[in-house]
Every structure is written in C-alpha cells, then in structure tokens.
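**Q** As a plain string of letters, each chain reads:
2 protein chains.
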Amino acid sequence: MSTVTSDRIWTAALIVIGDEILSGRTQDKNVAQIASWLNVQGIRLREVRVVADDAAAIGEAVNILRARSDYLFTTGGIGPTHDDITVDAIAAALGVDVIVHPEAEAVLERYYRERGGLTEARLRMARVPRGSSLIPNRMSGAPGIRFENIFIMAGVPHITAGMLDALTGTLEGGAPLLSGQVGSWVAESEIADFLASTERAHAGSQIGSYPFFREGRVGANFVVRATQQNVLDSCMDALVAGLEERGWPVTRGGI
Amino acid sequence: MSTVTSDRIWTAALIVIGDEILSGRTQDKNVAQIASWLNVQGIRLREVRVVADDAAAIGEAVNILRARSDYLFTTGGIGPTHDDITVDAIAAALGVDVIVHPEAEAVLERYYRERGGLTEARLRMARVPRGSSLIPNRMSGAPGIRFENIFIMAGVPHITAGMLDALTGTLEGGAPLLSGQVGSWVAESEIADFLASTERAHAGSQIGSYPFFREGRVGANFVVRATQQNVLDSCMDALVAGLEERGWPVTRGGI
Numbered sequence: 001m002s003t004v005t006s007d008r009i010w011t012a013a014l015i016v017i018g019d020e021i022l023s024g025r026t027q028d029k030n031v032a033q034i035a036s037w038l039n040v041q042g043i044r045l046r047e048v049r050v051v052a053d054d055a056a057a058i059g060e061a062v063n064i065l066r067a068r069s070d071y072l073f074t075t076g077g078i079g080p081t082h083d084d085i086t087v088d089a090i091a092a093a094l095g096v097d098v099i100v101h102p103e104a105e106a107v108l109e110r111y112y113r114e115r116g117g118l119t120e121a122r123l124r125m126a127r128v129p130r131g132s133s134l135i136p137n138r139m140s141g142a143p144g145i146r147f148e149n150i151f152i153m154a155g156v157p158h159i160t161a162g163m164l165d166a167l168t169g170t171l172e173g174g175a176p177l178l179s180g181q182v183g184s185w186v187a188e189s190e191i192a193d194f195l196a197s198t199e200r201a202h203a204g205s206q207i208g209s210y211p212f213f214r215e216g217r218v219g220a221n222f223v224v225r226a227t228q229q230n231v232l233d234s235c236m237d238a239l240v241a242g243l244e245e246r247g248w249p250v251t252r253g254g255i
Numbered sequence: 001m002s003t004v005t006s007d008r009i010w011t012a013a014l015i016v017i018g019d020e021i022l023s024g025r026t027q028d029k030n031v032a033q034i035a036s037w038l039n040v041q042g043i044r045l046r047e048v049r050v051v052a053d054d055a056a057a058i059g060e061a062v063n064i065l066r067a068r069s070d071y072l073f074t075t076g077g078i079g080p081t082h083d084d085i086t087v088d089a090i091a092a093a094l095g096v097d098v099i100v101h102p103e104a105e106a107v108l109e110r111y112y113r114e115r116g117g118l119t120e121a122r123l124r125m126a127r128v129p130r131g132s133s134l135i136p137n138r139m140s141g142a143p144g145i146r147f148e149n150i151f152i153m154a155g156v157p158h159i160t161a162g163m164l165d166a167l168t169g170t171l172e173g174g175a176p177l178l179s180g181q182v183g184s185w186v187a188e189s190e191i192a193d194f195l196a197s198t199e200r201a202h203a204g205s206q207i208g209s210y211p212f213f214r215e216g217r218v219g220a221n222f223v224v225r226a227t228q229q230n231v232l233d234s235c236m237d238a239l240v241a242g243l244e245e246r247g248w249p250v251t252r253g254g255i
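Protein chains in written order, with full-length UniProt numbering: chain A, 1 to 255; chain B, 1 to 255.
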C-alpha cells in the first residue's frame, strides 16, 4: 500500500466513431455504459469525442487522446462493411501495418462454420494493427482489439458490454470513486450557495446538483463524490443536516 | 440561386459539458436531438466533444471547434449553482468580460416573481459573455445565449428542445441532407461488397449499414444519404434491386 499509488488519478478517454451518431439516427449508449464501468475499475472518464467514419478525424483524435489519458477506448467501425474503417484509420495514425490476426481468424472461422462460412468481408473483422492482442467477444465472434493503451471495441452496446466484462479487473486503476445521493423537493437555486460552501468545506468532495420537474413540482437530486470514504461520509452528513435545517426534508438514495 | 451556395456544406460542432455525462450518471440525449435538428436546418454535425465541468477543458474545446465549424453549440452548465461554469469558461476562452444581460435579468425577474423572487443564485442565469444576444427559453425562464457563431444552450433536453425551436429557420444553412431507408433480413457481411460498390457507383451518396438481431434472426437497415434527390433516388433504386436480385426481399422504410 503506497500513498503515491492510491492518490494517483487514472484517466481514460473515449472516441465514439460513427456517422450514425452524428446524424442523430442512433442514440449512443456507450458513453454512459463505459463511464459507469470505468468508475468501478477506479478509472475516470475525462473526455469523449464523437467523430465521423473519416480516417483523418479518427487519427487526429486517437493521437491526441492516447497521449493525454492512461487509457483510450474507441467504439464503432469494426464490422465487416466498407464503412468500417476504424482499424485502418488507427493503424495509419500509429504508423503500423494492418495484419490478419491468426487467433482472430480462427475464432471467426469457428463462429461462421455453421453460419454460412468465413467470407472475405467477414475476414475483415480479423484485421488488427500489427502488435495488437485480442479482447474476447462472447456475443458475436469478432473480437475487440488492444494495442498498447488503446482498446478498440464494438459499436453495438450489448457487444461492447461483453467486451467490457472480459476486461473487468484487468486494468490497473486507482481508488474507485465513491458516491452517495440524496434528493429533496427543493428548487436548486434556493440552496445554490449552501451547496457551494458545503463542497468547499470538504476537500476531496464534489457535489453535483441534478434538478427535475415531476408531479407538478421542482426538486433535485444531489450526488456527492469522493475517493475517500470518510470524506464522502462527512460531506453527505453536512449536506443532509443543512438541507433539513433549512426546511427541506431529504430522501436518502435520491428521489 | 447560386451553385456555389447550394454546394457548400455547412458544418457544426457540439460540446456537451458536464461531469454527470462523464460519470455515466446521466444518459445524454442532446447529441441525437441536436444532430437531427441540424440536419433539417441543412447543417451537418461534424464533431462532438464531451468535457468535464472544468474551465480549461471547456475553453480548449471552444476555441478549437468554433474555428473549424460554421457553428458551435454547447449544452449544459448554465444553471444557478456553483458547478455551472459554462458562461465564465467560454467568456475567458474568448477573452471577453461577463456581464448581467439586462433583458435576461428582466425575463428572470418576471419568471421568478411568482416563484419566490430573483435570488442572487438565480441572477447568475442572466450572466453572459459581453456582446451576446439571447435565445428565448419558453420552458423555464433562463435564456440560452448566442455569441457570434456560438450557441450556449441548456443541458436538460426538453429545455434545449425549446431553445432549438426558437432557432429553427434562423441559421444560414446549405442543402438539407436527404435520406431513405430499407431493411432486410440479411447478415450485413453477406452483402458488404455489394454495398461498397453501390455507394461507389453513385457519387454524392453514402450508404450506412445498421445490423440488428431480433426475433432470433439477423437483419440490417440500410440508410442512403445524399443532398440531391436524383442521387438519393438512383442509389436507393440500385440498392433495392441488388438486394432483391440476391434473394433478400426488402422492407421500404426499414424494419
């Protein structure tokens, strides 16, 4: 147990690749899914970019973000069709060749044996930047790809979920971010100053305020985040006590 | 009617601001909502970034993206609480002061007259970068903000929607992107080469392939996009004819 290690904040970035997200046709689910998964690994998602199926846009984002976070994830563009250019774009950005990964080819060979055979288009899904390892995909055969600190994942959320499962517990991370939540039927603007002073009084805590309008009334949930349990607890206690003193009863866990 | 104008592609970028998106707590809806709205305005969403409630991260993204797209939208961080720092971060990035906009103050004064009065925290929502105009908000009083080509919008999706309504038809845009869709119970990998050659044969068209697994079977929807109706029509016709020739009946409009 070293203090240096436990204080280090491990970070990740995510690139969501796909014209279908930028056109509004498809509602992205991977940002929230990967963010939640990273929290449990003790890694903070620091930045997300959504880029088109365009090699230059993908390459630019990859080279900037892999340098400034500990881990870089990408989703989308690793299927069998002509608009799936993620592997080629990333390999070009890294300056490495694309090769057919023998283990990926064997996985696809087995998967498609009873499903019409391994066509040339399907074999595209075995192509990886030279030097990559594979991320198992128990949902649909075609694996994800790891190259150094870059994790190249599927775009379809339930396939991405399977790849995340396969990675769970395998990444070096820092202290998990703890959180607690309370809700109250209060307009956040009534207590904005109180929230700010409570956060300031508890170093290492963060208070997020999430207003809503339901059943004809305004209310808000308040989420306290900290990496240390004692900081989380004392900030939560102060928040609850302060709200109740001001005449706003709270619901533990949120409304 | 000049050819130059109609051929120009108008572009936008979007910055989604908020720790709640990066922590996975909140599922973003604004990317899809703004993308769809932009399509109808004849403007293409080219890039999205999701950044934390952090002045440096917001400022960096604003200065890069406002320079490389015709329009820049931001969502989130314009409420009354201490974690709402969007206006200050953008003003700092632009090198302009923050002022209380008199018209915004009057709007908030009226809105809160029957709702507990205009407190100091609520008055924060009248603060704008000097030189801004307002975007009406019929949902909840606090207006959005326009500064040159930057549109600073709410984070709560139904409030953002109201602001987009107020902007509809007011932005200069190019030719709207037209689209058509067909679906078929085919594995996309079976017809990947046909899709690629069909797209190549119809300059100005784009074919997106969106596989799914339903009712125990694989299928895919195919979306053709083009700015010219005749290009869209001929590409769609070729796609439908080619699929049916290959033994894959299509459903117009998608499955």
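Simulated from the structure, these hints should not be mistaken for laboratory data.
Be a bit skeptical, because a hint or two may be false.
Any copy will do: because identical chains look the same in the list, a pair fits if it lies in one copy or spans two.
[Claimed, not checked] In silico SDA-like cross-links for lysine to any residue, where the CA-CA straight-line distance does not exceed 25 Å:
#	residue 1	residue 2
1	Lys29	Phe213
2	Lys29	Leu118
3	Lys29	Gly216
4	Lys29	Asp193
5	Lys29	Phe194
6	Lys29	Asn63
7	Lys29	Thr119
8	Lys29	Glu103
9	Lys29	Gly169
10	Lys29	Arg217
11	Lys29	Ala57
12	Lys29	Leu94
All of these numbers come straight from a predicted model, not from anything done at the bench.
**Q** Now look at each hint and say whether the structure bears it out.
**A** Comparing the hints with the structure gives:
1. Lys29 - Phe213: both (24 Å within a copy, 17 Å between copies)
2. Lys29 - Leu118: Close neither inside one copy (30 Å) nor across copies (38 Å); limit 25 Å.
3. Lys29 - Gly216: between (29 Å within a copy, 22 Å between copies)
4. Lys29 - Asp193: neither (34 Å within a copy, 29 Å between copies)
5. Lys29 - Phe194: neither (34 Å within a copy, 29 Å between copies)
6. Lys29 - Asn63: within (24 Å within a copy, 28 Å between copies)
7. Lys29 - Thr119: neither (30 Å within a copy, 37 Å between copies)
8. Lys29 - Glu103: Classified as neither: same-chain Cα gap 29 Å, cross-chain 38 Å, threshold 25 Å.
9. Lys29 - Gly169: Within one copy, since 22 Å is at most 25 Å while 30 Å is not.
10. Lys29 - Arg217: between (29 Å within a copy, 22 Å between copies)
11. Lys29 - Ala57: Both, since 21 Å and 23 Å are each at most 25 Å.
12. Lys29 - Leu94: neither (27 Å within a copy, 33 Å between copies)
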